[in-house]
Structures are given as C-alpha cells and as structure tokens.
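Protein chains in written order, with our numbering: chain A, 5 to 236; chain B, 18 to 433.
If you're looking for bench data, these hints aren't it; they were derived computationally from the structure.
Do not take every clue at face value.
Stretch-level coverage of chain B by chain A, calculated; a stretch enters the list once three of its residues show a Cβ under 8 Å from a Cβ in chain A [said to hold, decoys possible]: (1) 348 to 354; (2) 421 to 430.
From the derived model, a few chain B residues whose C-beta atoms are all more than 12 Å from chain A [to be verified]: (3) Pro99; (4) Asp126; (5) Tyr127; (6) Asn133; (7) Trp242; (8) Asp249.
Positions of the beta carbon are idealized from the N, C-alpha and C atoms, including for glycine.
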Amino acid sequence: MILDLKHIFKDYQQDKLVVPVLKDINLQVEEGEYVAIMGPSGSGKTTLMNIIGCLDKPTTGEFYLEGNDILKLKDRELSGVRLNSIGFVFQSFHLMPRESALENVALPLSYAGVKKKERKERALRALERVGLGERATFMPTQLSGGQKQRVAIARAMVNNPKILLADEPTGALDSKSGAQIMELFQRLNEEGVTIVMITHDANIANHAKRIYHIIDGEISEETREEEHHEEV
Amino acid sequence: MLENIRLSFKGIWSHKMRSFLTMLGIIIGIAAIIAIVSTIKGTNEQIKENIVGSGDNTVDIALYQGDWMYEMGYEGIPAGVPVINDDIVEELKDIPNVKNVSLYLSRQDYAVYYLNTALSGGYVMGVDENYFSTCNFIIQKGRGFTKEDYTKYHKVALLDPDSEEALFQGEDAIGKTIEIKSEPYIVIGIVDKAQEFEPVINSLEDYYTYAEDSTGKVYIPDSTWPIVYQFDEPQNVVLQVESTDDMTNAGKDGAAILNAYLQVSDETIKYRAEDLLEQAKKIQQLSESTNSMLIWIAGISLIVGGIGVMNIMLVSVTERTQEIGLKKAIGARKSNILGQFLTEAAVLTSLGGIFGVLTGIGLAEIISKVTDMPVAISVPAAVASVAFSMIIGVVFGMLPSYKAANLDPIEALRRE
Ligand SMILES: Nc1ncnc2c1ncn2[C@@H]1O[C@H](COP(=O)(O)OP(=O)(O)O)[C@@H](O)[C@H]1O
Ligand SMILES: [Mg+2]
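Excised from the complex, chain A in its bound form (with noise of 0.2 Å):
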C-alpha cells in the first residue's frame, strides 16, 4: 500500500472558533492504482491533498506513505518526501513567470543536488514525455493553459516520483486541453504512476479508476455500477 490515511481529522481554528474541514477520512491507495476524489467547493479537497502532499499535519490520525509514518517525520524530511516520492500539479500551474519551460522542469533537480549537464538533460527529456520537446526555450508566458500545465507536469515527474498529486488539473483549461492532460495521466498511469486527481468535473473523474467524494468532510468511495448525480 502506497498511501495508508487512517481516522484523520483536520481541524481549522477561526477566532476562538474550531471549524472542523475533515471528519475521519479513511484513505487506502495501492502502487500504480489512479485514483478521483470529488466533492463540491470548500468540502475539504484542497487540505486532504496537502496531508497526503506531506504540506500539512493532520490534527488526528494516521498517515503512512510507502510505509513510512509520515506524522512522525521531521520537515527536512519531509521535504525530501515531496522532493522525492510526490510530484505535485495544481490548478494555476504555478510556474516561475521569468524562467524558460527547461528552466522550471529543471529546479526540482537543483534541490536534489543534480549537477547542471544532468539537469538540463533530465528536464528535457522530461518535457519530450509530455510532449513539449520543442518548446524548451519558451518563456510561460508565450505557452497556451495547457501547454503551462503539461510543463508543470514534466517539473512533477522529473525526479521520476511514484505518487503524483493533481489537484484540478484542468479547471483552468478548455475542455480539449483538459482532454489531452487526461492522456497524459492515462500513459503515466499505464507506465506504473500512482495518480490520485482532485475534481469537480464527473468527465474528468471518469478516468479514474477509482472515485472517492467528498462531502462536508467526510469521504465515501463511490461503487462504479453506481450512477452519480454530482455536477458541481
């Protein structure tokens, strides 16, 4: 089991107020499954992703990542988790605005101690995988939303993670770049990836196999003959 989430709660605390955002979340993800998680706007997506991204502590509870009992760990550690086993992709790309495509797909492997030759040649092979060989040299700002995000992607699996995260992928994108950013998934999912993807979108969620939904913090898997009724 790559990712093991047992009873947690994420408490949020608001002027003397605690607001509870997760109710005892039980998570279970094996190596190379992909896996959906839906649920309306302010239901807790975003903060259950930062647990299983190693970015944020539960208030209870236990989480084990490629067996490792991630709460115990301390934040250098941590930061080699995110450096080495996740690869994160967020909705608004979050690239470097003053750096080449190369240049962003490069910087994980600065932080891993990657000498420059290597980086260079890493990062663009991992823009071939998505298929952005020839834009190397493009600035952001001279990319469409889904070439930004199909950089993002290569900067998430250059250091060849196993579990990558996606959280609404394609909410800033048309439906047609939406559709090739679920390819990419498809083949990185084939090639042994661990995908768990965020979304509001049923279609989008349909690649998985696997949907979880999340409502008002509390997290249900949904049975596959099952129809669901859920567009947000």
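For this one, chain A is given, so just place chain B with the ligands on it according to the hints.
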C-alpha cells in the same frame, strides 16, 4: 549557489528601478567612504612627501633651548657645550643604519650682498668637507670645495639655486665676488639636491615649512667661519640614514649621544633631532581624526541603507509568497529558500557596493579638480567596501530570508 546568483541577477534585472533605489543607500554610503578615504590618503601622502622631503633620508640634530633652536646672543656658545670632535663623530657613525655624518654651522644673516643686492633672510652655512655627499647634493655648475679650500682658509662660497637667483637674478654667478659681513667671498659653484623635489603648497602651514627652505643658502668651508663671525656657533650634525623609516630612531640616538657630553647649567638646553617623520605623522593623525568622524557618518548611512534593503526584501518575500510555497511543495528545504534570499540580498548590496566604489572614485576625482586637494584611490579600501556591503546584505537579509524560509507552504499556495 551559482544557480542562486544567476537567479538573483535575473530578479534584480527584472526590477531595475526598484533594485537601484534599494541599493541607493549603500551606494551613497560607500561612495562617501571611498571619497573620504581617497582624500585622506592623498593628503597623507602629500604631507609625508612635503615634510619628509624627497627621500634624501637626512636627519638634522641641533642645539635647542626649550622648544626653539638655540639663538646665539653675544655671549656665544653656552659653557658646557662640547666641541664635536672626530671621536664623537665616530660614535655617531656607529649608530645602526647611519651611513654618513657631517657637521655644519648655520646662521641666518641679512648681510650677504652681491653689489647692492641683499640676500634677505638667507642662511650662511659653514660645512665640513663631506657635507654635500652626506646630504645628497650635487654640484650643478662650477666646482665644489677642495681640501685646500679648508686647509688654506680660501674665502670661497657655493650657492644654492635660490640664493643664486636672489643675488644674481639670472646673471652668471661663477667667479663673482659676494660679501658676507663685509668679507669678500668668491662664488665657485652652484649646488642643489640630487633629487628634484617640488613641494606642493596647499595651506599656510605648508607655506611656512617651505618659506624657510626657499630663502636661499650660501655655503662656505667651516674652517673660514671664524673669519666672518667672531663668535663660535654651536655645531649641528646631519646624519644620513639607510631609509626614511630609520630617521626617527637614528635622530634620537644621535641626540642622546651628544647630550651625554653636555654639561650646561640650563636644563632646557639639549640636542634634539628635527623629527620630520614624527611631524608628518602628527599632521596625518590630525587629518585622520577629523575624517574618521565623517567615516562614522558614512557608516551610519550604510546601516540606513541596510535597513532599506531589509524593508524591500520583506516586501519582496510577501510578493513572492506563491513562489516560495511552490518551491517548498516541489521539495525545497528551508535551507534552500534561506540560501536563495540571502544570496539575493548579498548580490544586491554587493552590486550597490561596486557602484558605490565607482561613484566614490568619481566623486574623489571631482573633489580633487574643484578643491585642488590631492586624492589617491585606495585599492584595499575599495575591496573592503565591497566586502562590507556584502556583509550588510547578509546581515540585513537575514530577517526577510528567515521569514521566507519559515513561510507556511499551504498559506502560500492558497493565495491565488
Ligand atoms: N487556513 C484556514 N483557516 C480556516 N479555514 C480554512 C483554512 N483553509 C481552509 N479552510 C476552510 O476549510 C474548508 C475546506 O477548504 P478546501 O480544502 O480548500 O476546500 P476545496 O479544495 O474542497 O474547495 C473551507 O471551508 C475553507 O474555508
Ligand atoms: Mg481546492
């Protein structure tokens, strides 16, 4: 690291105006320091050159009464002042780093004439045979004194260019007869310092220092001194030493040796070396202490500049919250973020330092053009300035960098 420096330059370049304004405090502070240091250095070098001279490395030892050179009255040499004989001269020659020793007599005399032209305020110098070689003089025209001139009491004189000009005003002096206290002396030659030395006169003090030197001197063999002057003059000693830095010690040692022979009742009468190096140092210290205050003020402006850098960096951290959050999400450690921002601050202030040095050099050149003050650019000061600017960047970049490194990545990513 190199990657961080590259990114820093990129960031600075993309915010040219803001970066420049941020650096301005540092630029002004460093420019002021460089300008001040350059003028201090220029002035000091000039003071040393003016006072110590062209490096002929000679020290005069004369008899003083209190703070003034002993003035001959009608009573002559005070009782108990010894005749400086060959034995004492040998003793003086044994002082470490002393190359040559000569004796001379000197008196300011208003009664030196060529026809009706007077050498007013000039000095008559009775010198021993090797005086000119000790003091690095060369015979410019005519001939020098010979052994015979001394043994046979020839009334012959050598002039320096100042007295030649004052008495003869361009006329050829060689072979002409001048009068010293009504005694006729034949001019046989012109002597001058071997090394040409043009004093630079900037102040009244400088002027007085040179006024004395430039009134002209008339040299006669010391054996003929009694023909002109009834009273013996106390003997003066001139030591030639190896290097300028030996002047102070050799002068002190020489004066001590001579004082050991003194048996005068008046305690204030003492041999003393004219310590030009000490004098130069004192004047230098004076100019340095006034200017060190200016340096403090410039230093404060540097600190103000540093605070400005800190301020802008704090703003920049807030602006770049998203960037920091993303970097943390993709695996950057706290130390990576800290390093990035510290490098940025250090690059920014170092650049400011470099611009400051250039501005300061320009400023110093302008000062020297406008005020005629000499300037000398100090390379160590320039290097130290840039290094110091870098340290300011690191120190004042610390707080913003820590803030960036400790930013909560979730908060940072939420801001969309
Ligand atoms: N730092 C915070 N302080 C207080 N409340 C927060 C904070 N972050 C998120 N929340 C709240 O938690 C809930 C879930 O947010 P989020 O996980 O972003 O939802 P989603 O991604 O599903 O839209 C929201 O109601 C949001 O207002
Ligand atoms: Mg969200």
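Comparing the hints with the structure gives:
1. As drawn, the segment 348 to 354 of chain B meets chain A at 5 residues by the rule of a beta-carbon pair under 8 Å; at three or more, the given contact holds.
2. With a threshold of 8 Å between beta carbons, the proposed coverage of the segment 421 to 430 of chain B by chain A holds, since 3 of its residues qualify and at least three are required.
3. For B/Pro99, the shortest C-beta to C-beta distance to chain A comes to about 83 Å, beyond the 12 Å cut-off, and the non-interface label holds.
4. Distance check for B/Asp126 against chain A: the nearest CB is about 83 Å away, which clears 12 Å, and the non-interface claim stands.
5. Every Cβ of chain A is farther than 12 Å from the Cβ of B/Tyr127; the closest lies at roughly 83 Å, confirming the non-interface assignment.
6. For B/Asn133, the requirement that its beta carbon stay farther than 12 Å from each beta carbon of chain A is met, with the minimum near 88 Å.
7. Distance check on B/Trp242: its Cβ is at least 85 Å (rounded) from any Cβ of chain A, clearing the 12 Å threshold; non-interface status holds.
8. With a cut of 12 Å on Cβ distances, B/Asp249 stays outside the contact zone with chain A, its closest approach being about 87 Å.
In this structure, none of the earlier numbered hints is contradicted; all agree with it.
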